[in-house]
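K.L.:
Given the structure of chain A, go ahead and fit chain B onto it with the hints provided.
Protein chains: 2
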Amino acid sequence: MSPVAAVSDVSLSGADTSIVIVVLCIALVALVMGFMFRKEVLAASPGSGSMQEIGGAVQEGASAYLGRQFRTLAVFAVVAFVLLLALPADDMMIRIGRSAAFLFGAVFSASIGWLGMNLATAANMRVAEAARTTGRDDGMRIAFRTGGTVGMATVGLGLLGAAVVVLVYQGDAAKVLEGFGFGAALLAMFMRVGGGIFTKAADVGADLVGKVEAGIPEDDPRNAATIADNVGDNVGDCAGMAADLFESYAVTLVAALILGTAALGDQGGLTFPLVVPAIGVITAIIGVFITKARAGENGLQAINRSFYISAAIAAVASVIAAFLFLPSSLEVTAGFALQDGAGGGEQINAAVGGAVSVVIGIVLAAFILWLTGYFTGTETKPTNDVARTSLTGPATVVLSGIGVGLESAVYTAVTIAAAIFAIFTLGGGSLIVSLFFVALAGCGLLTTVGVIVAMDTFGPVSDNAQGIAEMSGDVDGEAAQILTELDAVGNTTKAITKGIAIATAVLAATALFGSYLDAILQALETAGDASGEVLQSFLVFDPRALVGVLIGGAVVFLFSGLAINAVTRAAGAIVFEVRRQFREKPGIMDYSEKPEYARVVDICTRDSLRELATPGLLAVFAPIAVGFGLGVGALAGYLAGAIGTGVLMAVFLANAGGAWDNAKKIVEDGNFGGKGTSAHEATVIGDTVGDPFKDTAGPAINPLIKVMNLVALLIAPAIIGLTYGDGANAAIRWGIALAAFAVIVAAVVVSKRRDIAIGDSEPATAVES
Amino acid sequence: MSPVAAVSDVSLSGADTSIVIVVLCIALVALVMGFMFRKEVLAASPGSGSMQEIGGAVQEGASAYLGRQFRTLAVFAVVAFVLLLALPADDMMIRIGRSAAFLFGAVFSASIGWLGMNLATAANMRVAEAARTTGRDDGMRIAFRTGGTVGMATVGLGLLGAAVVVLVYQGDAAKVLEGFGFGAALLAMFMRVGGGIFTKAADVGADLVGKVEAGIPEDDPRNAATIADNVGDNVGDCAGMAADLFESYAVTLVAALILGTAALGDQGGLTFPLVVPAIGVITAIIGVFITKARAGENGLQAINRSFYISAAIAAVASVIAAFLFLPSSLEVTAGFALQDGAGGGEQINAAVGGAVSVVIGIVLAAFILWLTGYFTGTETKPTNDVARTSLTGPATVVLSGIGVGLESAVYTAVTIAAAIFAIFTLGGGSLIVSLFFVALAGCGLLTTVGVIVAMDTFGPVSDNAQGIAEMSGDVDGEAAQILTELDAVGNTTKAITKGIAIATAVLAATALFGSYLDAILQALETAGDASGEVLQSFLVFDPRALVGVLIGGAVVFLFSGLAINAVTRAAGAIVFEVRRQFREKPGIMDYSEKPEYARVVDICTRDSLRELATPGLLAVFAPIAVGFGLGVGALAGYLAGAIGTGVLMAVFLANAGGAWDNAKKIVEDGNFGGKGTSAHEATVIGDTVGDPFKDTAGPAINPLIKVMNLVALLIAPAIIGLTYGDGANAAIRWGIALAAFAVIVAAVVVSKRRDIAIGDSEPATAVES
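If you read the sequences in order, they're chains A and B. So in my numbering, spot 688 of the first sequence is number 684, and the numbers just go up one at a time. So in my numbering, spot 288 of the second sequence is number 284, and the numbers just go up one at a time.
Don't take every hint at face value.
Given that identical chains are not distinguished, each listed pair holds provided it fits within a single copy or across any two copies.
In silico lysine to any residue, SDA-like type, Cα no more than 20 Å apart, as pairs [as the list claims (entries may be wrong)]:
1. K207 / S674
2. K748 / V410
3. K748 / T374
4. K661 / L156
5. K581 / D216
6. K661 / G672
7. K581 / S747
8. K377 / V745
9. K671 / E481
These are computed hints drawn from the structure, not numbers from a lab. Just so we're clear, the structure is a prediction, and the values are computed from it rather than from any experiment.
Chain A with its partners taken away, still in its complex shape (with noise of 0.2 Å):
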């Protein structure tokens, strides 16, 4: 009767599980891959002396921040594995698993950032002595095979856990799954924020001081920043953005695999979304191979036809795949269970709905790639807007970067809701077979996530090789040229990369939300008959879920708030710290001292790992807060307005400060009057603001919304079981929401303690040294 299967009815069949072995060595064979891909860069040559004494260091401090960091994030892994037990589940093997799971998506989360950054860090030096002796194909390759070895990491493992879970618990797969993609979303938000802020602490406070006070070039040696700088490249783009799309891919399988189960059942519902990503892993390999640039070609392009190409023959193998895995005869019913005879059985075609589901998940991936480029690229007409907005000042260019952005904003996130609506067209009526079609456009979009880490790692490698050239001073001429167009692909393809993180983020964020749903459904049917009351309070109308959009949207504003903040103190310390160098040590400008680089790489380390902690816990405990204090409607109000207000903010600050650190590169380029004009500085002004836009706020929204998506389906059941029937208590209840409440009050209230602090602790005279 009711269209939600009884979970632990539906087995894997003999067939299904050699599909899922088949998807198992799949997974093992990206890792070797992976495997293969860093031996090959390691095996390079690191180059000179002085590259690996600076590389070195760029190393040790990368290594010494995410050793702090897992220290610290342990804890938080800790708490949430014991509250994670203590939530209710079916039986205790579902909560241990559950539990169990966590641990490991938490632990290939770091895993993942760690290998990501440990490698760049590696590479950086290779690729610099590559540019140097064998040329620009030697240089490209080393830096798109360390994004390689990150990716095939990512698929391979997010892939492994995926199909050991759903082979170990069948039909129970999916609960436990919740567990394997909240460790994975958690480590991967905190080492977003606490990456973002080093990175950008660092970079903003390098450039406050260096570029606009001393007058001193980017990756100056005598800037005390400079080393905090590249370290904060590794543990922010490299680190943070790997654990980021990591996270993705686990979240997006796990809530394929809740809807698949709830849509399908044993009729492909848990091997058709992992077969889809397993596609994915081919043509990722696929893509890395085929990475070559042609005589005369820019790097980029080279990339992006890989891209293309491995994006099309994943497209056409998905296709093939549904029309093997799911049903072409399916009966859905229209509305869901609650709703009682609302609608008739209606047969759709599913193997066609899966298809072109799936293949608009690809075509968005395409698009999205497309439409940041143009709002972000050097050759197109809003960046060069921009640029010329820097003949009337820095105002104006900060006012025309949030117009780009905003406008961005808007385009991306409508692409995206007409993807959403068409899918749901296909779903015949029915919300849990259309949400199942959601998280296969998002499994579409995934198969890209290979190839989209490695681009995204390429950005990185390639910075941290110029500037560790332009430290040692041992590359010039050509090589120096090589690496200044491999700095600009790797800049590109790391903006462009963000749009499909967002487009990932949003989709698996969507498909959450059905999970949601889901787990609603079957604690009601726990919990007694109190099906009008729950139905009401989802209606948009209802106060309730009304009260939860505008909460929903405001944690999104609150977060971004707090991480722009984070980098703005941070980097304000930096300043000060830069400034004293300057001022103690008077030979650093005529190279006769040596600033003290570890310093300011202890200061970043310090601020960030402090400032991590309130936009975490406000990520965890709000959705607490509101769900057992207002309701189940309320937080489904606000997961939709997280989801919504989520992805138009992740956009804006993305291409926002993408289009700024563009306009920029355009005036440095010699447009509008050039380097050293005040057209110029109007430029290095609007990068500085975009610099936390676009790499702490903006990208830590991702798994943000994820994590809130995630534990809003946690406590579901918890919520219901307090609210309805035997075990209702409002006591219990409205103490745990004013509890989750307080925590967040207290993290907000201690991170404002800090600003104070911080601002007297410096005399304002630091200002005219």
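P.N.:
Relative to the frame of chain A, chain B by itself:
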């Protein structure tokens, strides 16, 4: 059976008719009081010849602008009138009445804007003269009575329009009033956008060239943009804000009467929503009369005291009225008509519920006033923190201001959300009743509008008074100090009333959102039973609603981006013009030549009228495209997304701008280095970024969300008619949607074209002048 009374059954009893007539008389009293205040202002001496000359130039520019604006808007109004006539309604009388009411709403809105501008431009020189001759108290009284006139006109015309319609149409009044509200909101939105672009293009342009490049102070007569800047204060801050608050007033009344009719029928549903604002009229008169600074007291304290006293009286009187006019026992049905048998009838005490709701509205007004003051005041921590970041340059000033804006948006939104949730709990589980209570909270907020308009108008009047004094050179010593104090007070009142305007907008929009539900319920009764399908599409989980949330938020982003871009573009044109005048008339700097003020006013007028179309069309046509294309569920999600993102964005923009403005003042008062330092320059840049935030995009969002809700309310029956039942016609439905979408795309494309033209028409070398 249905809790929604068939509307035309409701009629006014004899006693009710008497009540409405009393309300009508109170409305007339307000208009008479306004007339008296006006006479008092005009009776004061207009000052020296040169003051009158300058004031006359400002008045001339403002009149010319508003005149041209009204001619432009008349075209839009006629088109809207025709479309409105074409929309279905229950019978022809309602249709005609609604269209006529639209015209009245639009004309009232325009008249109040005109009156505000007209009187303010006469009052500014009188305030300056009073400060010079008779002292602070007289100057303050004239400025506050100017605001009082506008305030009285606002509440008088709003209440008059609503009372007349209720008297004439009785039970059908709500439908007719939709037209009144729509007319008021549409005009106000255009005036907000157009005036906002004018004022900030002039202000930003004047500051960029005057303060930053030429190093001359604000309001210096050598700056060709000075007159335009003063004109802008009047057409933007004065006319725009007055129309905006009138519109909020009208729309809240409309929503309260629609929901009152549905929730209470003839048990006070048509009278109590009029009684509460009538009480507000009386307390506002008291408020204006008692505003007088005691010896040694700051003007702001006096104004705040009046506000709090009149709010307290209004609260007490409203509680008494609730017990007199609302039933103590009301049977409500949990849920709503679509959901048969979802809950039994429950008894609630509507008098208590209504009284508490009104008081919550008034307390909300007082709290928001305080909160906005905290985040934007010169004495408080957030603004001082922003000022401190000027030590590390403009980029950190911009970032910290954005942080303050984001944070304050969160607290404001969460406060409003808490108020709505608290009110919801009073409604006994009935959607319509609890939404009616939300509308009553809006009415509670309205009781403060008379004083709020007076406070707000105080801002531009005292700003202009100082400007005229400065330019005329006839005022110095103690008088100049008085004007500086009044200007500072005006800056603060202007900033804090923005918070109230936003809170009013959110409550009005939420109540309208409820009216939209009511409209759909009624339409479904006539268009056949499709309740299951419609119901499902209203669930936040449904991809349609979720897609709506995304698009609704996106439209707020696009609207803000368009408004900010318009200012950036128009300000750029001003910068080039002022630079040209400095270059071509070198005598300006030593006062031997006079700048051509009129040319700058012309450019502002031309540009702002050209720029207001795109955001205006977006606001009207986006809900049409979504509603007809994706259905009523998507449109509901759209409205929820727009309200949620809208309130956050509006507060963010207003408070970030306010904080930057006062951070600049803090530095100018000698902190962190004081005037002329790089810290000061950094805060000037921050202030310039904030100008279009706080005075263009931010305030225009208030009418935006109401216009969109009203459009949804008006088209809901047509959408249902074309989707379900006999009249279903997908071709027409999609035709309308695509046509609306095409209008938006065309408007955006045209506005982008403009971009290029302006950029290219000026030689880049102009920067060197």
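K.L.:
Given a CA cutoff of 20 Å, do K748 and V410 count as a within-copy pair, a between-copy pair, both, or neither?
P.N.:
Between copies, since 19 Å is at most 20 Å while 36 Å is not.
K.L.:
As a check of your reading, is K581 near S747 (CA-CA no more than 20 Å) within one copy, between copies, both or neither?
P.N.:
neither (33 Å within a copy, 54 Å between copies)
K.L.:
First find the shortest C-alpha distance between K671 and E481 inside one copy, then the shortest across copies, and answer within, between, both or neither for a cut-off of 20 Å.
P.N.:
within (18 Å within a copy, 44 Å between copies)
K.L.:
Should K661 paired with G672 be assigned to within, between, both, or neither, using CA atoms and 20 Å as the limit?
P.N.:
within (13 Å within a copy, 30 Å between copies)
K.L.:
Should K377 paired with V745 be assigned to within, between, both, or neither, using CA atoms and 20 Å as the limit?
P.N.:
between (43 Å within a copy, 13 Å between copies)
K.L.:
Treating 20 Å as the Cα threshold, decide for K207 and S674: within, between, both or neither.
P.N.:
both (13 Å within a copy, 16 Å between copies)
K.L.:
Checking K661 and L156: alpha-carbon separation at most 20 Å within a copy, between copies, both or neither?
P.N.:
neither (42 Å within a copy, 59 Å between copies)
K.L.:
Could you place K748 and T374 in one of the four classes (within, between, both, neither) given a Cα distance threshold of 20 Å?
P.N.:
Classified as between: cross-chain Cα gap 18 Å, same-chain 38 Å, threshold 20 Å.
K.L.:
Can you tell me if K581 and D216 fall within 20 Å by alpha carbon in one copy, between copies, both or neither?
P.N.:
within (16 Å within a copy, 45 Å between copies)
The structure is inconsistent with the numbered hints 4, 7, although it conforms to all the rest.
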